[in-house]
Amino acid sequence: MPDTVTQGQFRKFFAKHHFITKGKKKNRYIGLINGAARVVTFHYHSDKKTIASGTLSAIARQLGMTKQELIDMIKER
Amino acid sequence: MNLVYSVGESRSKIREIQANIKNGVMSELVNKASNESIYMLSAKMLESILQGLSIKNIVEYDEKLKIYTVFNGIVPHFYGEGSTKEIAESNMVDEAIMFSKDYLENVEMFSGIFSGIQQFLISIIILNIDDRHRIMEILKIA
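Residue numbers (my numbering), protein chains in the order written: chain A, 78 to 154; chain B, -7 to 134.
Chain A with its partners taken away, still in its complex shape (with noise of 0.2 Å):
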């Protein structure tokens, strides 16, 4: 079965890296990720709405990683 991430998973990772929201409906995050600062375009619905698995690969490319390596740091693996 595939890794699968939610929306509350996914808010509680940013939580952890200190992202802050910018934009008008404050849906661009700025932070460090791996001693690099990154811009994400996150839409939060709910905590419980999983993430669609191409949404996920768009915001790993925009924090400059795979997928799974994604997947892998929101885990903690």
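The set of hints was computed from the structure by calculation and includes no laboratory data. No experiment lies behind these values; they were computed from the predicted model shown. Yeah, the Cβ is synthetic: ideal placement off N, Cα and C, and Gly gets one too. Heads up, a few of these hints could be off.
[What the hints assert, rightly or not] Which stretches of chain A does chain B cover? Using the computed rule of at least three CB atoms under 8 Å from a CB of chain B, they are:
hint	stretch
1	87 to 93
2	111 to 119
3	123 to 131
[Said to hold, decoys possible] Lysine-lysine pairs mimicking DSSO-like chemistry, simulated, CA-CA at most 30 Å apart:
hint	chain 1	residue 1	chain 2	residue 2
4	A	Lys152	B	Lys58
5	B	Lys58	A	Lys125
6	B	Lys77	A	Lys103
7	A	Lys102	B	Lys77
8	B	Lys132	A	Lys99
9	A	Lys144	B	Lys132
10	A	Lys144	A	Lys125
11	A	Lys103	B	Lys132
12	B	Lys77	B	Lys132
13	B	Lys36	B	Lys132
14	B	Lys132	A	Lys102
15	B	Lys56	A	Lys152
16	A	Lys125	B	Lys14
17	A	Lys102	B	Lys56
18	A	Lys126	B	Lys93
19	B	Lys93	A	Lys144
20	A	Lys144	B	Lys77
21	A	Lys126	B	Lys58
22	A	Lys93	B	Lys93
23	B	Lys56	A	Lys93
24	A	Lys99	B	Lys14
25	B	Lys132	A	Lys101
26	B	Lys48	A	Lys102
27	A	Lys101	A	Lys126
28	A	Lys125	B	Lys77
29	A	Lys144	A	Lys99
30	A	Lys99	B	Lys93
31	B	Lys48	A	Lys144
32	A	Lys103	A	Lys125
33	B	Lys14	A	Lys89
34	A	Lys101	B	Lys77
35	B	Lys132	B	Lys14
36	A	Lys126	B	Lys77
37	B	Lys56	A	Lys126
38	B	Lys48	A	Lys101
39	A	Lys144	A	Lys89
40	A	Lys99	B	Lys36
Following the hints, position chain B against chain A.
Using the frame of chain A, we list chain B on its own:
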């Protein structure tokens, strides 16, 4: 030595730069204090660079959620979701417009984070911000 131009001389200098650019010669403006250069180029050059840029969009389908995601390979911040590929592409265009507006509003904070090629693509979107059809062409959406 600092060069100080009068208003008339400045206009003349700008006309000279514009003429050079029109004739296909790129102009360089150097900030002597910071030693940084700014280059000015013609619409023809800009269009050629854009044509030469390999703009690809990645499409992924989540079988469990039945959601398509389309995102741009150069600026992955341009992404959209939808129940069909076409809806996801349309949402990606909306996102590209919204993101580029946010980029412009926070340009001093955002610019250092993005690579030159990303800045170039975002700038092209900003230059065409009111022309959705043109943005679709730029992002290679049929």
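Okay, the hints, checked on the actual structure:
1. 87 to 93: Check failed, 0 qualifying residues.
2. 111 to 119: Our answer is that it holds, as 5 residues pass the Cβ test (under 8 Å) against chain B, meeting three.
3. 123 to 131: holds (count 4)
4. Lys152(A) <-> Lys58(B): The given pair, whose Cα atoms are some 24 Å apart, holds under the 30 Å limit.
5. Lys58(B) <-> Lys125(A): holds (17 Å)
6. Lys77(B) <-> Lys103(A): holds (26 Å)
7. Lys102(A) <-> Lys77(B): holds (25 Å)
8. Lys132(B) <-> Lys99(A): holds (28 Å)
9. Lys144(A) <-> Lys132(B): OK: Lys144(A) and Lys132(B) at ~24 Å, within 30 Å.
10. Lys144(A) <-> Lys125(A): Holds, at roughly 20 Å.
11. Lys103(A) <-> Lys132(B): Between Lys103(A) and Lys132(B) the Cα gap is close to 28 Å, so the pair holds against 30 Å.
12. Lys77(B) <-> Lys132(B): Between Lys77(B) and Lys132(B) the Cα gap is close to 14 Å, so the pair holds against 30 Å.
13. Lys36(B) <-> Lys132(B): Satisfied, since the Cα-Cα distance of roughly 19 Å is no more than 30 Å.
14. Lys132(B) <-> Lys102(A): holds (27 Å)
15. Lys56(B) <-> Lys152(A): holds (20 Å)
16. Lys125(A) <-> Lys14(B): violated (57 Å)
17. Lys102(A) <-> Lys56(B): With Cα atoms ~28 Å apart, Lys102(A) and Lys56(B) stay inside 30 Å; holds.
18. Lys126(A) <-> Lys93(B): holds (27 Å)
19. Lys93(B) <-> Lys144(A): holds (27 Å)
20. Lys144(A) <-> Lys77(B): OK: Lys144(A) and Lys77(B) at ~21 Å, within 30 Å.
21. Lys126(A) <-> Lys58(B): holds (14 Å)
22. Lys93(A) <-> Lys93(B): holds (28 Å)
23. Lys56(B) <-> Lys93(A): Holds: Lys56(B) and Lys93(A) sit about 28 Å apart, inside 30 Å.
24. Lys99(A) <-> Lys14(B): Distance ~39 Å between Lys99(A) and Lys14(B) Cα, so the pair is violated.
25. Lys132(B) <-> Lys101(A): Satisfied, since the Cα-Cα distance of roughly 27 Å is no more than 30 Å.
26. Lys48(B) <-> Lys102(A): Satisfied, since the Cα-Cα distance of roughly 27 Å is no more than 30 Å.
27. Lys101(A) <-> Lys126(A): holds (23 Å)
28. Lys125(A) <-> Lys77(B): holds (25 Å)
29. Lys144(A) <-> Lys99(A): holds (23 Å)
30. Lys99(A) <-> Lys93(B): Holds, because 12 Å separates the two Cα atoms, which is no more than 30 Å.
31. Lys48(B) <-> Lys144(A): Answer holds: Lys48(B) to Lys144(A) is near 18 Å, not above 30 Å.
32. Lys103(A) <-> Lys125(A): With Cα atoms ~20 Å apart, Lys103(A) and Lys125(A) stay inside 30 Å; holds.
33. Lys14(B) <-> Lys89(A): Since the Cα atoms of Lys14(B) and Lys89(A) sit roughly 53 Å apart, the hinted pair is violated (cutoff 30 Å).
34. Lys101(A) <-> Lys77(B): holds (27 Å)
35. Lys132(B) <-> Lys14(B): holds (28 Å)
36. Lys126(A) <-> Lys77(B): holds (21 Å)
37. Lys56(B) <-> Lys126(A): holds (13 Å)
38. Lys48(B) <-> Lys101(A): Within the cut-off at roughly 28 Å; holds.
39. Lys144(A) <-> Lys89(A): At roughly 17 Å apart (the allowed maximum being 30 Å), Lys89(A) and Lys144(A) satisfy the hint.
40. Lys99(A) <-> Lys36(B): Violated, at roughly 35 Å.
Taken one by one, the earlier hints fail for this structure at numbers 1, 16, 24, 33, 40, listed in ascending order.
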